[in-house]
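Q: Each chain, written out:
There are 2 protein chains.
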Amino acid sequence: MTLENISSNKCFNGWHKQFKHSSKALNCEMRFAIFLPPQTASGEKVPVLYWLSGLTCTDENFMQKAGAQRLAAELGIAIVAPDTSPRGDGVADDAEGAYDFGLGAGFYVNATQAPWQRHYHMYDYIVDELPALIEAHFPVSSQRAIAGHSMGGHGALMIALRNPERYSSVSAFSPICHPSACPWGIKAFSGYLGTATTDWAQYDSTLLISHASKTVPMRIDQGGDDAFLATQLNPEALLDAAAACGYPVQYQLHQGYDHSYYFIASFIDAHLRFHAEHFQSY
Amino acid sequence: MTLENISSNKCFNGWHKQFKHSSKALNCEMRFAIFLPPQTASGEKVPVLYWLSGLTCTDENFMQKAGAQRLAAELGIAIVAPDTSPRGDGVADDAEGAYDFGLGAGFYVNATQAPWQRHYHMYDYIVDELPALIEAHFPVSSQRAIAGHSMGGHGALMIALRNPERYSSVSAFSPICHPSACPWGIKAFSGYLGTATTDWAQYDSTLLISHASKTVPMRIDQGGDDAFLATQLNPEALLDAAAACGYPVQYQLHQGYDHSYYFIASFIDAHLRFHAEHFQSY
Chain A
6 MTLENISSNK CFNGWHKQFK HSSKALNCEM RFAIFLPPQT ASGEKVPVLY WLSGLTCTDE
66 NFMQKAGAQR LAAELGIAIV APDTSPRGDG VADDAEGAYD FGLGAGFYVN ATQAPWQRHY
126 HMYDYIVDEL PALIEAHFPV SSQRAIAGHS MGGHGALMIA LRNPERYSSV SAFSPICHPS
186 ACPWGIKAFS GYLGTATTDW AQYDSTLLIS HASKTVPMRI DQGGDDAFLA TQLNPEALLD
246 AAAACGYPVQ YQLHQGYDHS YYFIASFIDA HLRFHAEHFQ SY
Chain B
6 MTLENISSNK CFNGWHKQFK HSSKALNCEM RFAIFLPPQT ASGEKVPVLY WLSGLTCTDE
66 NFMQKAGAQR LAAELGIAIV APDTSPRGDG VADDAEGAYD FGLGAGFYVN ATQAPWQRHY
126 HMYDYIVDEL PALIEAHFPV SSQRAIAGHS MGGHGALMIA LRNPERYSSV SAFSPICHPS
186 ACPWGIKAFS GYLGTATTDW AQYDSTLLIS HASKTVPMRI DQGGDDAFLA TQLNPEALLD
246 AAAACGYPVQ YQLHQGYDHS YYFIASFIDA HLRFHAEHFQ SY
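So the sequence lines, in the order shown, correspond to chains A and B.
For our numbering, add 5 to where a residue sits in the first sequence, where the first one is 1.
For our numbering, add 5 to where a residue sits in the second sequence, where the first one is 1.
Please keep in mind that the hints were generated in silico from the structure rather than gathered at the bench.
All of these numbers come straight from a predicted model, not from anything done at the bench.
Misleading hints may appear alongside valid ones.
What the hints assert, rightly or not - The list that follows gives simulated cross-link-like pairs (lysine-lysine, DSBU-like), each with its CA atoms no further than 30 Å apart:
1) A:Lys-22 <-> A:Lys-70
2) A:Lys-50 <-> A:Lys-70
3) A:Lys-22 <-> B:Lys-192
4) A:Lys-219 <-> A:Lys-70
5) A:Lys-70 <-> B:Lys-22
6) A:Lys-50 <-> A:Lys-22
7) A:Lys-29 <-> A:Lys-192
8) A:Lys-25 <-> A:Lys-70
9) B:Lys-192 <-> B:Lys-29
10) B:Lys-50 <-> A:Lys-70
11) A:Lys-70 <-> B:Lys-70
12) B:Lys-25 <-> A:Lys-70
13) A:Lys-50 <-> B:Lys-70
14) B:Lys-50 <-> A:Lys-25
To be verified - Sample of chain B residues facing chain A (criterion: CB under 7 Å; computed from the structure):
15) Phe-17
16) Lys-22
17) Gln-69
18) Pro-253
19) Tyr-256
20) Gln-257
21) Gly-261
22) Ser-271
Note that CB positions come from ideal geometry on N, CA and C, so glycine has one too.
All chains, full assembly: derive it from the sequences and hints.
A: Written out as structure tokens, the structure reads:
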């Protein structure tokens with residue numbers, strides 16, 4: 006697999022870089038961003054945090070708005086931010102260009118329904134193809150953590166629950182915790198997976214958690230004034246399911262914070278320190 | 006003067022807010038953003054850093070991308086980010102919609118040429134109207150600092166040199182140091198001020214510095230791999246003029262850094278600490 010470097014910015018004595026590559030899983034050309042901390046300049050292999058963004062985002066939102074590079078540079082953590090869906094001229098999009106389905110809204114599943122199944126395999130891309138690419142081309146170790154926001158928080162939790170051997174920790178801001186039972190998730194799962202709701206459970210953290218083969222340290226932060234909290238995010242469903250099966254979750258509700266990157270920026274350092282601690286003890 | 010609050014985001018236990026107001030200086034409705042650190046919740050009056058953005062920016066770029074709120078919250082500094090030009094349906098723009106003249110490119114001058122003189126009075130807005138508005142409506146002291154990037158770095162340096170009694174310190178990232186002698190500046194000054202170059206000197210830091218009535222602590226950071234360094238920014242002209250008249254400038258050239266917000270984010274903490282130190286000793 007070849008990578009094409011399309012931008013480089015020095016940042017906190019490390020580098021923010023964007024790359025394009027041809028994705029087998031997604032059957033199209035994809036872009037991702039990577040932050041390489043200064044420790045990698047000498048060839049030191051560093052652990053990687055994969056960041057999954059929310060609806061409408063690309064690889065750029067987190068890198069530009071979260072303010073994560075300062076502490077990642079200090080702690081020696083690489084960060085990889087993929088796009089949120091397949092892209093390109095041949096990739097199907099929602100007929101009305103909705104923000105919550107199609108482009109920018111891959112929901113981190115492997116679609117089974119036409120026309121989405123031709124490209125929308127974000128699950129395979131995030132779990133297998135992208136880490137293999139990163140570990141082949143950059144000075145990183147095989148220590149991985151995964152985190153995300155909103156739709157990406159759903160992706161991070163769901164992927165860690167299904168692949169606990171691949172991640173030393175998982176964290177989420179404002180995740181969609183029970184997609185089978187909220188409007189965003191029902192729309193996406195119906196479209197990508199079809200109407201047989203039995204096929205949805207494999208992508209729903211609330212339904213997956215009792216089946217986890219191994220515990221991954223899990224942290225979730227939620228804004229108390231998040232406009233989507235009651236209708237879309239439903240952390241109580243996940244917390245109840247976790248409590249019922251004894252799966253430990255560090256959950257914090259922050260009064261006054263909303264769904265924006267101003268919330269993420271306020272607590273990203275705590276998430277980075279959480280992942281750093283588990284990299285060390287992994 | 007009335008302010009209309011149009012957004013609020015809790016951020017690092019303080020608040021990022023956007024406001025609209027009717028500007029007399031600019032003869033149109035304007036938007037600005039303010040970060041209020043947590044100290045203001047109890048009514049404590051905090052000093053204010055005014056941030057002037059560069060070409061194409063609005064009040065949003067710095068607030069979303071610089072990562073300044075974390076340390077500003079700790080140090081107890083409010084930050085005000087105005088827009089970079091007058092805006093609105095009746096405001097003249099460059100005929101070809103150029104990025105470096107007209108909307109988004111006010112250059113912090115008072116235009117004298119038609120049609121620009123109807124609205125383009127960013128100098129008066131930044132020096133007088135906006136601080137009066139801020140100090141009347143928010144829990145801030147009359148301690149002010151000013152900073153900016155590129156066109157906004159030019160604005161910050163030029164305004165501090167002309168109004169040393171109003172600012173306890175000034176800093177700039179990648180400023181346009183000698184606008185009378187670079188393509189961006191010549192285009193802007195010709196358009197807004199006319200072709201009599203004698204009228205340009207009042208807005209050119211390199212030409213102003215020897216006439217400063219009082220020294221303001223000044224810090225400038227410049228990326229060594231900035232694509233605009235040789236053609237547009239010319240820090241050497243300003244440093245030479247400063248040396249000739251004995252005006253102290255803390256100048257740092259950072260190898261490998263470019264003109265982007267990744268550079269600003271990497272050194273914004275140092276600028277905030279610089280301003281905080283001078284607020285205390287003011």
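Q: The structure should be examined with respect to each hint, and the outcome stated for every one.
A: Now the hints, each set against the structure:
1. A:Lys-22 <-> A:Lys-70: Distance ~15 Å between Lys-22 of chain A and Lys-70 of chain A Cα, so the pair holds.
2. A:Lys-50 <-> A:Lys-70: Holds, at roughly 26 Å.
3. A:Lys-22 <-> B:Lys-192: Distance of about 33 Å is beyond 30 Å: violated.
4. A:Lys-219 <-> A:Lys-70: violated, 33 Å
5. A:Lys-70 <-> B:Lys-22: With Cα atoms ~16 Å apart, Lys-70 of chain A and Lys-22 of chain B stay inside 30 Å; holds.
6. A:Lys-50 <-> A:Lys-22: Holds. Lys-50 of chain A to Lys-22 of chain A sits at ~17 Å (cutoff 30 Å).
7. A:Lys-29 <-> A:Lys-192: holds, 26 Å
8. A:Lys-25 <-> A:Lys-70: holds, 21 Å
9. B:Lys-192 <-> B:Lys-29: Holds: Lys-192 of chain B and Lys-29 of chain B sit about 26 Å apart, inside 30 Å.
10. B:Lys-50 <-> A:Lys-70: holds, 28 Å
11. A:Lys-70 <-> B:Lys-70: holds, 5 Å
12. B:Lys-25 <-> A:Lys-70: holds, 23 Å
13. A:Lys-50 <-> B:Lys-70: holds, 28 Å
14. B:Lys-50 <-> A:Lys-25: violated, 49 Å
15. Phe-17: At 5 Å from the nearest chain A Cβ, Phe-17 of chain B passes the 7 Å test, so the hint holds.
16. Lys-22: violated, 11 Å
17. Gln-69: holds, 5 Å
18. Pro-253: violated, 27 Å
19. Tyr-256: Result: violated, 18 Å to nearest chain A Cβ.
20. Gln-257: Interface hint status for Gln-257 of chain B: violated (14 Å vs cutoff 7 Å).
21. Gly-261: Holds, about 4 Å.
22. Ser-271: With a minimum Cβ separation of about 5 Å from chain A (threshold 7 Å), the hint on Ser-271 of chain B holds.
Violation of the numbered hints given earlier is confined to hints 3, 4, 14, 16, 18, 19 and 20; the remaining hints are satisfied by the structure.
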